[in-house]
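One line per chain: the protein sequences are X, B and F, in this order. Position one of the first sequence corresponds to residue 1020 (the working numbering), numbered consecutively onward. Position one of the second sequence corresponds to residue 1020 (the working numbering), numbered consecutively onward. Position one of the third sequence corresponds to residue 1020 (the working numbering), numbered consecutively onward.
One should not assume that every hint holds.
[As the list claims (entries may be wrong)] Label-pair ranges, simulated between beta-carbon atoms:
id : chain 1 : residue 1 : chain 2 : residue 2 : range
1  : F       : Glu-1034  : X       : Thr-1279  : 48 to 54 Å
2  : F       : Leu-1139  : B       : Trp-1031  : 54 to 60 Å
3  : X       : Thr-1279  : B       : Ala-1189  : 51 to 57 Å
4  : B       : Gly-1257  : X       : Pro-1108  : 35 to 41 Å
5  : F       : Gly-1188  : B       : Arg-1054  : 54 to 60 Å
Because the hints were derived from the structure by calculation, they are not lab data. Ideal Cβ positions, reconstructed from N, Cα and C, are used throughout, including at glycine.
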Amino acid sequence: MFIRNAWYVGAWDHEVGRVMRRRILLGEPVAFFRREDGVPVALEDRCCHRQAPLSLGKLVGNTVECPYHGLQFDATGACVKVPSQDRVPASARVKSYPVVERNHWIWIWMGDPAKADPALIEDFHWMDDPHWGFGGSSLHVDANYLLLVENLLDTTHLPFLHPESLGTGAFARSEFEVTREGDRIKVTRWLMDQPPAPFHQRMGDFADGVNVDRWQIAQFAPPSFVKLDVGSAIAGTGARQGDRSKGMNMFNLNAITPETEKTAHYFWAQAYNFKLDQRWISDLVRQQVNAAFLQDMTMLTAQQQNMDLGPSPVVNLGQDKAWVAMRQIVARLVAEEQQTAPRSVAAA
Amino acid sequence: MFIRNAWYVGAWDHEVGRVMRRRILLGEPVAFFRREDGVPVALEDRCCHRQAPLSLGKLVGNTVECPYHGLQFDATGACVKVPSQDRVPASARVKSYPVVERNHWIWIWMGDPAKADPALIEDFHWMDDPHWGFGGSSLHVDANYLLLVENLLDTTHLPFLHPESLGTGAFARSEFEVTREGDRIKVTRWLMDQPPAPFHQRMGDFADGVNVDRWQIAQFAPPSFVKLDVGSAIAGTGARQGDRSKGMNMFNLNAITPETEKTAHYFWAQAYNFKLDQRWISDLVRQQVNAAFLQDMTMLTAQQQNMDLGPSPVVNLGQDKAWVAMRQIVARLVAEEQQTAPRSVAAA
Amino acid sequence: MFIRNAWYVGAWDHEVGRVMRRRILLGEPVAFFRREDGVPVALEDRCCHRQAPLSLGKLVGNTVECPYHGLQFDATGACVKVPSQDRVPASARVKSYPVVERNHWIWIWMGDPAKADPALIEDFHWMDDPHWGFGGSSLHVDANYLLLVENLLDTTHLPFLHPESLGTGAFARSEFEVTREGDRIKVTRWLMDQPPAPFHQRMGDFADGVNVDRWQIAQFAPPSFVKLDVGSAIAGTGARQGDRSKGMNMFNLNAITPETEKTAHYFWAQAYNFKLDQRWISDLVRQQVNAAFLQDMTMLTAQQQNMDLGPSPVVNLGQDKAWVAMRQIVARLVAEEQQTAPRSVAAA
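Using the sequences and the accompanying hints, generate a full structural model.
Shown next, in the form of structure tokens:
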């Protein structure tokens, strides 16, 4: 079960154009394309006539022509043409999902369109901020999407799963603080006066032997966003007090969209505020983060396989506090939505 | 659920010989072979002893030897030898399906053998008629078989799915008439004074710029046959009134046999009555029709994938009249059969 | 459903070392490894924290470190370290399965550990007996494990499935005797004064034209072991009366462990008591038996596929007496176990 009344990321901006792109989101088939004026559109990728995928058809101006019998739908999902007859049945339409293009992502609202307020879109301004550069990509997740949210909220896995890039021995025992603000969760960690992680040393140009104060401030927002403010500064130069000038700062930005109960789409970017004039940094950042995330994907797939073998007892640890809260929030929001939703929406 | 008391096509004649061929039909495993005198036989491809597929065994004269423990079955399905003992249990037998070879196809009756009257076999005489040539083949359908019957009964898809071969713009708005005769359905279309479809122009040698009167008369017969009488004649030369001499005529012959609820075997042929002395016509016809049918297969697979995502509202159009009636007929025949069938047959 | 309170073979001795090996047994994920002193260990391959497979982690001395968050488990399955906190929750543990290394196999007890008496391990001493050599291997079975036990208990299939190696025409009609001793079943066959099977002729160096007395004495022991005492001696030299000196003797040793309801692990060895100084005999024996067993695997897969199509009537023959008894024993033992097992074990 998924939270439907929420903005999810459906695609990267560059993935959507004048050739339709099919993607399964929250179990529903969606066809993305752009109108002639460039505005992105998302229609149900299933013709209301014989359920053909519209994405196999073609764009005729701002309308979509079904590949099977040529029905045409405008960007609101209304059928505007039935080739075989003059009358277009009033009920002939496919779902049109509210869509907003923002911060290089195409956002989509899978629930009640009346509630789709763009002001609710999660802030990912870094990707449009001249003070930041970024590298990003996407991955397919062969596991339930919440396993990935867990992964991002409990970074004590870094020294074990990513020892050659992100983790350091000090990580596991770092103190952390979990705070709540409504349904948002914040996990703050500081690792004071420690050798830098390999990736941080490279990005921050820290000399060999120099210790750093490292921060990692993760923020969860429903339905499934995690943003991590991360960085390292030369130890004792006041980063924790607010002066990050002696170090480097990155924002790891994560948007996870369920595909099915056991698969998901993972959109991510890594923003940085250094060497903005050097284009290769973006590629390097993307490459490094992608390599680490592939390690996570292997783990999530393996977890899901074990879970698919059947239930087994589990033990929660102190480090799990944030994601346990996250799961409670998601479960509550799903339950609330199902209670209040009209039956037709609940059924879908 | 399938209509069981009906003749289906199980194989092409050339597919069945002295090496057994396994095929799943209506969810049951069937082994086809020919007796020494050439008569085709279809036995359940599942030994009554330990359920080994007989088709992995060998033919010993007119009997089949199970590959596992050597039980032998005659062409009636009766076990005639148990190597390990003298006594052959009376209940030792596999199903033997009534089989008839006719019109290049091997016909099989999957229901109550007592009702298997060869007179009920659908007429496909064109493949044996000296006034006709034909090209044919078979395809595997990754979708419910009725989606293919729909496809053949609503040819308004031609200009959209097959624009380079079969469709012309005029097709969608062509008038058509649906008539019923018992459980048979006839859909008659005439496209008067139109440019010929590319395939028709090629087959009919129509000069560039010449318009044609085109006919398409589809006939459905249960459980899942569709025959299309199609052709084009020079416009105004009286084809609609009965004189087809100024054009070319083909019969598109389709036999669809369910494999499982979501897959099927598709046997088809295209008969033609021109240039019968030129062998290459048969190959060309087969090639052209096959190319168009592969486009249909892509569509059916995509429909089935969308349907597998769950139910969604559908709208019927005027053009759907024939296949809506077809589905009602099939559903009624299935229901009738299940009410009257003895439990054992119904369970199978 | 499986018998859980029993010793199964989980691996060959050489398969288990200082790199963990994952294997699904009776539906549960198991990680095998050896302690620093060489003693084999089997832990649940599913961390009690977030269900990561421990086998993706690493060995730290005699403890296993989870690849995800670094929890460490000792060889008893007790969690001994949680990197992020001092306190190790008392409930933090994974199952540790009783394991015994014996006769080149790693034995594992999947049920109640309190009942895991090593004295119950099935005797396969041949693999450690200086009077015997052996060749062995393992195969994956794409079918329910009992189909393989059946196969080994009813060797009337030899002339049909293995005519070029093990079977001879006389086999099917050979008399056999089935005896029971508790839950053990013995099937004794003698083929007197017959041409030797090709494999036996090769192994026994029988001259062309010499007939042999051949024996095949199969013993079933729960949950799923079959040992076959097989051999041939020159006809009339008293083998049946006890003097096997004029022939050759082999023991075909089979341990079958369910993986899932429809797959299994097959561990087998072929022991022989001739030419023990000639190393190539072991390879030849392994090669020959493996080739025959691959034929069996093809058959079992095909049987399972037919069974998956749905139930169909079956006929039992006199030759099935042994495996029918075997299935009754297994079913009874499963039922008894489920009645007496505490709920938690029954649920697992």
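Quick rundown of the hints versus the structure:
Checked against the hint of 48 to 54 Å, the C-beta distance between Glu-1034/F and Thr-1279/X comes to roughly 35 Å, which is inconsistent with it. About 59 Å separates the C-beta atoms of Leu-1139/F and Trp-1031/B, a value consistent with the hinted range of 54 to 60 Å. Remark: the range hint 51 to 57 Å for Thr-1279/X to Ala-1189/B is contradicted by a beta-carbon distance near 43 Å. With their beta carbons about 38 Å apart, Gly-1257/B and Pro-1108/X fall inside the hinted range of 35 to 41 Å.
As the Cβ distance of Gly-1188/F to Arg-1054/B is approximately 25 Å, the hint placing it in 54 to 60 Å is violated.
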